[in-house]
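**Q** Residues per chain, in single letters:
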Amino acid sequence: MNAALEAEGLVKRYGVRTAVDDLSFSVPRGAIYGVLGPNGAGKSTTLRMLVGVLRPTAGKIALLGGPVTRQTLQRVGYLPEERGLYRGMSARAAIAYLARLKGVASRQAFKRADQLLSDHGLGQVRRKKIKTLSKGMAQKVQVLAAIAHEPDLIIFDEPFSGLDPVNQRVLEETIRAQAAAGRTILFSTHVMEHAERLCDRILLIANGRKAFEGTVRDALALAPSLAVIETDGAYDIAPVLAPRGFEWTEEQGEHGNRRWRVRLKNGHGARQLLAACVEAGAPLTLFEPARASLHEAFVALVGEDGARAAQ
Amino acid sequence: MSAIFLVARRDYLAYVGAWGFWLSLILAPLLMAALMFAPLLLARAEPPRVLAVLAERAEDAATVTAAFRDLARRDARREIAAYLDAAAPAVAAEAKQAFDAATDRAAAIAAARAVVAERMPQALRAFPAPSPRYIIVDPPAGAVEALRPYLDGSQLLPDGGNLYGALNIRRSAGEPLIEYWSVNLSHDEPSNIARAAMRMAMQREALAAHGLDPAEADRLNALEPRVAQFDPRPAAGGEQVTVRDRAPFYAAIALAFILWSVVFSVANMLLTGVIEEKSNKILDTLLTSVTPLEMLIGKLLGVAAVSATLFLFWGALGGGLLSLAAEQASVSIFGQVAAAFLEPRLLITFGVGFVAGYLMYGAIFLALGSLCESIQEAQTLLGPVALVLAMPMMLITPALDNPNAPIIEAASWIPLFTPFLLLIRAPAGLSWFEIAGQGALMLLAVALVLFLAARLFKAGVVNQLSVSTLFRRKAKG
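One line per chain: the protein sequences are A and B, in this order. Mind the numbering: the first sequence is residues 48 to 358 in my numbering, read in order. Mind the numbering: the second sequence is residues 4 to 480 in my numbering, read in order.
None of these hints come from the bench; they were simulated from the model. Please note: incorrect hints may appear among the correct ones.
Claimed, not checked - To give an idea of the chain A side of the interface with chain B (calculated C-beta under 10 Å), a few residues: (1) R95; (2) V100; (3) L101; (4) G124; (5) L126; (6) R134; (7) L210; (8) G300; (9) R318; (10) L321; (11) V325.
Just so you know, even glycine gets a beta-carbon here, dropped at the ideal spot from N, CA and C.
With these hints in hand, go ahead and build the complete structure from the sequences.
**A** Okay, here's the thing in structure tokens:
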């Protein structure tokens, strides 16, 4: 079996409220898989069901080829969205404790804890209590605790939240390194850029339902192409674009210029746009075809209203 | 099993690593000793209360003054006799005899002390120096009105002290009328002492009026039967009830109080522990490695190990001291009480009571903790639980009078109270039916509470159920 994780028809209801609705997806072994969606989309609920913290109202989960049991969960590393460690424990003791709960022998657990802390620049604080560490450091310790037992599948819930840009990059490297070591990684985020940079495949969720599952490239293909143009001074290009059926949004340009983000559709390609601008004598200072972002793909999939409603 | 052990071990180490644990370990025996001895020390430390006696007739003043003098002598005898029975039983009878033979209080104390000094000088070091409850002084003024400033504290006595109260004995149509003046309205013992003394004087006068010699009247008044108490049960052997027989009852109540305090304290540790884990947001991480039931059992075992450590330390300390005292059980009251504490039947009941009480209350507190996000939230739930937990303690006073009173018997069938009341009732003798019935009920209750608590705990730790959602549902409903 190639899938590290398979979910089929997952449903989670709290009374009359449905948090996750008929969600099916499959995570290939060795992949970096992103679960994306705005806050409240049902990402954390989905992940908590995957690791057995919550029982699904309906649906099936196959974790590493088997049901969600103690045995399969021993091979899973999990970083919850709401994180924390025992504040009175030292960093190495906290990592070793969680590794021991996953079945690692005591001596080995402490050895790995020391090694991981040292590898991630925390060797100096390994004997310091969690309560004395900065928030970023404590979060790093918890990430290390989730991987100390060398799991086959790593599930991170919003791992980048709360980290500064430098530590976000360090975490991205950690995720890549774990994937390079043959592990499957699934993480959730509401920041699409992380997924764009890291993921082989993504799952987009809105209002508890699947909006898309596939590669990042496939997702981006669903979004309309764009061109960014900038006009000199206060020149207004709207009268040029509107009669020709272009859609656009205006952004703040540089040096007092006006910048326009124009959506390119069938029949309204970059060439037509450039021709229209030249024909109208628009004082262009920039014309740049742009790649759509995952956010735009998400908007294209669920619509502006859907994206707004989800948020 | 390994997960349960790891959870229990972590909790145990976290608790014993906290300074509060060591503080409890050391302070609890000291506080317990202070609780036992503080009332005695306070009573001894309190200076005698100063009273003045005014009377229209000099013989009334003399009667009341003599009553207070006799009271002081009786108190002194009681205190010295209790000390002699406990610390110098070999010379107690002789010393009491010497006390009784002396004419006044100071001489009586000196006579008893002299016997101890001669026959058992090692017991002289802690020989009591009794202080009278009341001292009668000459009134600083001849009328109650003039005494008012002294009584309300605005004026001091010539020696600089305060006047506690004044007894004014008037005559109305020849009959005595006792007025007691004092700002301490809730304390009327002086007036009762004066009334008893004056009643005896009135009886003596009345009998004299009928031609009876006052000395004969005093003799008749002093007539009193001797009272002996017996235990009808065959095991008691038909001998008169002594302190040795009563000691198990006192020991049982003391042990019940200790049991109650420890159960309440350790259950509270469980509650705060799980709330701390919830606020530290660590539960989701743990729940991928440990099931909620394993976590509940691990936590119960961890804190049970903490309790065992406390009991081992206190048991070694207290048991050692009690064993030393119990060696004197044949001759000393302290020894007899100490021996009662070491009675295997009581200790076994204590052990069983602790296990059952701890599991029931511990599981309830854990479940409540899992529903709360903060200590403040927990306090809203703890009120009713604390009331339930306090109820067995409210039954201690009636249990002291009669451990088999219907209310105590009925309450001991309620499993939440059984651990404490079974212990209190143990010395009175329990039928096999009661032991088996209440034990079985308690076991069932433990199983039921653990089952329900595990379900609540499971819902609470994954945040599917909380105090706020409970209240919201109630409000909606």
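**Q** Evaluate each hint against the coordinates.
**A** Verification of the supplied hints:
Taking 10 Å as the C-beta cut-off, the interface hint given for R95(A) holds, the closest approach to chain B being about 7 Å. Because the closest C-beta pair between V100(A) and chain B is about 5 Å apart, less than 10 Å, the hint holds. Interface restraint check: L101(A) against chain B, minimum CB-CB distance 6 Å, threshold 10 Å, status holds. At a threshold of 10 Å, the smallest CB-CB gap from G124(A) to chain B is about 8 Å, leaving the interface hint in force.
With its C-beta approaching chain B no nearer than about 8 Å, L126(A) sits inside the 10 Å limit, and its interface hint holds. Below 10 Å, beta-carbon pairs count as interface contacts, and R134(A) has one with chain B at about 6 Å; its hint therefore holds. The interface hint given for L210(A) is broken, as the beta carbon of that residue sits about 16 Å from the closest beta carbon of chain B, more than 10 Å. Of the supplied interface hints, the one on G300(A) is violated, with its beta-carbon coming no nearer than about 44 Å to a beta-carbon of chain B, more than 10 Å.
Taking 10 Å as the C-beta contact cut-off toward chain B, the hint placing R318(A) at the interface is violated, the least distance being around 53 Å. Interface hint at L321(A): violated, since its Cβ lies 53 Å from the closest Cβ of chain B, which is beyond the 10 Å cut-off. Checking V325(A) against chain B: minimum C-beta separation of about 58 Å lies over 10 Å; hint violated.
Hint compliance for this structure: hints 7, 8, 9, 10, 11 are not met, and every other hint is.
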